[in-house]
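Visitor: Chains as they are written, first to last, in the working numbering: chain U, 1 to 410; chain E, 1 to 479.
Bear in mind the hints are in silico, worked out from the structure with no lab data behind them. The C-beta atom is built at its ideal place from N, Cα and C for all residues, glycine as well. Where hints are given, some of them may not hold.
[As the list claims (entries may be wrong)] If we take Cβ atoms under 8 angstroms as the criterion, some of the chain E residues that face chain U in the derived model are: (1) Glu232; (2) Ile349; (3) Arg350; (4) Glu351; (5) Gly444.
[To be verified] Which stretches of chain U does chain E cover? Using the computed rule of at least three CB atoms under 8 angstroms from a CB of chain E, they are: (6) 23-35; (7) 139-152.
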Amino acid sequence: MGIYSFKLPDIGEGIVEGEVVAWHVEIGATVKEDDPVLDVMTDKATVTIPSPVDGTVRTRRGNVGDILPVGQTCITFEVDGEGNSSEEEAEPEPVVEEPAPEKKPKTKAATPPAPSSRGGDSKPLASPAVRRRAKEEGLDLSKVSGSGPAGRITHADLDAWKDAGSPVAAAGPAPREAKVGTTEVPVVGLRRKIAEQMHKSYSSIAHFSYFEDVDVTNLEELRQHLNSTRPDGAPKLTYLPFIMQALVKALAERPECNAHYDDEREVIIRHEAINLGIATQTERGLYVPVVKNVEAMDLWQTVAEMGRVTSAAKDGEASLEELSGSTFTITSLGKMGGTGATPIINHPEVGILGVHNAVDSAVVRDGNIVIRRIMKLSSSWDHRVVDGFDGAMMVQILKNYLEHPATIFM
Amino acid sequence: MNGGISLVEQKKCQVLVIGAGPGGYVAAIRAGQLGLSTIIVEGEKAGGTCLIRGCIPSKAMINAAHKLHDLSAMAKEGGHMGISIPGPAELNMEGLVAWKDGIVKRLNKGVENLLKRAGAELINGWAEFIDAKTCKVSSADGELRIEAENVILANGSVPTELPFMPFGGDVISSREALDLKEVPDNLVVVGGGYIGLELGIAFAHLGSNVTVLEAMETVLPIFDRELRRPVELNLKRLGVKVHTGVFAKGIDDDGNVQYAAKDEQEKIQTLKADKVLVTVGRRPNNNGWGLEEMGVKTSEHGFVIVDGRCATNMRGVYCIGDLAERGAMLAHAASSQGEMVAEVIAGNIREWDPVAVPAIVFTEPEIVEVGLSPEQASAEGHPVIIGKFPLAANGRALTMEAEKTGGFIRVVAREDDHRILGVQAVGTNVSELSGEFTLAIEMGALLEDVAGTIHAHPTMSESFHEGVLATLGHAIHIA
Numbered sequence: 001m002g003i004y005s006f007k008l009p010d011i012g013e014g015i016v017e018g019e020v021v022a023w024h025v026e027i028g029a030t031v032k033e034d035d036p037v038l039d040v041m042t043d044k045a046t047v048t049i050p051s052p053v054d055g056t057v058r059t060r061r062g063n064v065g066d067i068l069p070v071g072q073t074c075i076t077f078e079v080d081g082e083g084n085s086s087e088e089e090a091e092p093e094p095v096v097e098e099p100a101p102e103k104k105p106k107t108k109a110a111t112p113p114a115p116s117s118r119g120g121d122s123k124p125l126a127s128p129a130v131r132r133r134a135k136e137e138g139l140d141l142s143k144v145s146g147s148g149p150a151g152r153i154t155h156a157d158l159d160a161w162k163d164a165g166s167p168v169a170a171a172g173p174a175p176r177e178a179k180v181g182t183t184e185v186p187v188v189g190l191r192r193k194i195a196e197q198m199h200k201s202y203s204s205i206a207h208f209s210y211f212e213d214v215d216v217t218n219l220e221e222l223r224q225h226l227n228s229t230r231p232d233g234a235p236k237l238t239y240l241p242f243i244m245q246a247l248v249k250a251l252a253e254r255p256e257c258n259a260h261y262d263d264e265r266e267v268i269i270r271h272e273a274i275n276l277g278i279a280t281q282t283e284r285g286l287y288v289p290v291v292k293n294v295e296a297m298d299l300w301q302t303v304a305e306m307g308r309v310t311s312a313a314k315d316g317e318a319s320l321e322e323l324s325g326s327t328f329t330i331t332s333l334g335k336m337g338g339t340g341a342t343p344i345i346n347h348p349e350v351g352i353l354g355v356h357n358a359v360d361s362a363v364v365r366d367g368n369i370v371i372r373r374i375m376k377l378s379s380s381w382d383h384r385v386v387d388g389f390d391g392a393m394m395v396q397i398l399k400n401y402l403e404h405p406a407t408i409f410m
Numbered sequence: 001m002n003g004g005i006s007l008v009e010q011k012k013c014q015v016l017v018i019g020a021g022p023g024g025y026v027a028a029i030r031a032g033q034l035g036l037s038t039i040i041v042e043g044e045k046a047g048g049t050c051l052i053r054g055c056i057p058s059k060a061m062i063n064a065a066h067k068l069h070d071l072s073a074m075a076k077e078g079g080h081m082g083i084s085i086p087g088p089a090e091l092n093m094e095g096l097v098a099w100k101d102g103i104v105k106r107l108n109k110g111v112e113n114l115l116k117r118a119g120a121e122l123i124n125g126w127a128e129f130i131d132a133k134t135c136k137v138s139s140a141d142g143e144l145r146i147e148a149e150n151v152i153l154a155n156g157s158v159p160t161e162l163p164f165m166p167f168g169g170d171v172i173s174s175r176e177a178l179d180l181k182e183v184p185d186n187l188v189v190v191g192g193g194y195i196g197l198e199l200g201i202a203f204a205h206l207g208s209n210v211t212v213l214e215a216m217e218t219v220l221p222i223f224d225r226e227l228r229r230p231v232e233l234n235l236k237r238l239g240v241k242v243h244t245g246v247f248a249k250g251i252d253d254d255g256n257v258q259y260a261a262k263d264e265q266e267k268i269q270t271l272k273a274d275k276v277l278v279t280v281g282r283r284p285n286n287n288g289w290g291l292e293e294m295g296v297k298t299s300e301h302g303f304v305i306v307d308g309r310c311a312t313n314m315r316g317v318y319c320i321g322d323l324a325e326r327g328a329m330l331a332h333a334a335s336s337q338g339e340m341v342a343e344v345i346a347g348n349i350r351e352w353d354p355v356a357v358p359a360i361v362f363t364e365p366e367i368v369e370v371g372l373s374p375e376q377a378s379a380e381g382h383p384v385i386i387g388k389f390p391l392a393a394n395g396r397a398l399t400m401e402a403e404k405t406g407g408f409i410r411v412v413a414r415e416d417d418h419r420i421l422g423v424q425a426v427g428t429n430v431s432e433l434s435g436e437f438t439l440a441i442e443m444g445a446l447l448e449d450v451a452g453t454i455h456a457h458p459t460m461s462e463s464f465h466e467g468v469l470a471t472l473g474h475a476i477h478i479a
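Only chain U is shown next, with the shape it has when bound in the complex (with noise of 0.2 angstroms):
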């Protein structure tokens, strides 16, 4: 018998720590080379750690919630044959801890928890009476918060509950009440990142905000005409992919936009590819995923890239890879439009653009009343380092491609 004490690896360029999102095996299980142990989150994506042996867990080290830095022993196993390390080695050394303690989920002294606490395990808390009439009653306990100490769940819960309408509840309005209750949720693992990435983008950098309406009229008439003779398997153009190689014409010609901003060495780096990040909302939060190298796409390949790597972030499916190295960023609103919006810069990068739903609108030309489809413009920029002409200047140019939406191709 020996210990395999196994460090968390490198999971990906720069890379330095991960958050443990979720354990796949405990203490004293079994595992073979290659099951699941461990998920960690990275600024990017979640990654599913491996086991590297057959062996059975020893140790873990870190709830979830906890930040592992890389090459921190993670795990060990007891392994037959000699293992890596000595009994000694394997005991996990002192984490680094991080100088945040209210990341931490707080322990509470004494005092009454708060209703609705629960941890460790799911099993709600209540008597044996309670747990009897619930089941009788049809009543999931698991969806009750219960009003007593570490959350115990009373009769006048349950009475509560079916009064506020649970499933079972009889029907009829239910009397209105005042309530006093609050649910704490641990800000961890994917909502802590973006919390993180927001601040940091939004206290660092000095964003200006600049609409625009455009007149998409013509690139609306294009899009049905492609969309209508659209050859077998190509999937249907929407206005983003003609956004992306408009921007791609515009950004050319505008460097300054497509740039990374190092605050740090104080050092603008511009980029010949561009690299367009789509801010995406999945059931787990905000990813952006990455359409890289767009200058070097057709409207097609655009289309279907996007559509590739939008639904790998989706299903959870991209790579760090994916959603790494934009150098811009769009953010649509779709269907819910909205008439403005003041989009935060996707840090280091120093502009994004934010884009509307398109609607017929009365406008006036040539002194007539006349209705044209619209599509609201909302763009932000690092004032840092890009002047507000220049910004303003790239909304304009991108606009005169939209608005004359065969220049956009030649």
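For this one, chain U is given, so just place chain E on it according to the hints.
Guide: Frame of chain U; chain E shown alone:
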């Protein structure tokens, strides 16, 4: 059969219970209370392993043996507690067994009476199933055929036999150990689990020279070291010899036990034995009564597979207690399952969902375990705090000399919300405290709930209160 006429008596019922042990008889009483027509079939005496040849008679013998041991201390020079007995306390083993049998008989008659009052019909005989809902029963009165709408299997378990030293003659199971006509001079106990140690200690108290052989590295391996320790020390004090990491090999021509160490299988050693008590476990009683005709699924270890309502894969067939996969081989688990199943059959929605099933070992000192041990709680991901209180700091324990075996109460709770997850205790008479431990866990009590409950003085239950205070960091009676 000619012309379809059967000469065998036929009976029909809504509920047929097989086995009148603590699972079966409780199920039958409850079914009767609920107005279901109920038949319960028992091959021996109502009461089952628990009442007739297990829990109850063994506790009677343990108590008698303890009394003899205490009296012997008073018979020594100078006596004890200021009490001297002139001359040694004398044991009449047949008298002891008769006294024990008296208790068993009272309980047996009590169960029969309770069944009758509840309207459940008790049939003495051996049931054998033809299909899932039909069985024939052979009894002294002839053969009987029973067709049932619902069947509750409560056939229990039987002692595991070692193929190389089968039961018979001087090789005995716990059952025969409780009916010995005389105390064996040399008793070898094969298997240092709870049954072996309970009886081994009782016979040591009665004057036997007891040796325990255990294959694992320790006796009572299911308990942690801290809990085992006082029992191990007392075994030493009583002169019980314990060999761990050894396998019994057989019986030689003189009736002595041969055994060998795990690592030295070739080197056979011999122990003088007048009786050999084999207590290497119990297995489900799953053959010889037609289980295979019922289409009921069993696990690879021979237990009947059941769901949360103790229902098997066959509609209307339930299984409870030691035979069921969820039984935990404990009488009280079987009883609570039996009660529940009767209510399920009567149309109620029920589930067997205890938070904690208490386990007690009636060694001297006794061990109680309820809920999660510190290791289990940590493994389940709970942030754990632990508090301990020694019986030596409890006044009532001193008056009863319950502290002499070095016992303590240990409380396991969650650090964040203070929910009590488990309570363990070891010590003389601690078994009677188990009810409060279990109630606390089952009700979802926090440390503060027990801390805020006045515990009567002077009682040993104060130790639980203090153990809880110790977990909170402010026990009163220890520094």
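Visitor: Quick one: which hint numbers does this structure break? Sort them smallest to largest.
Guide: 1
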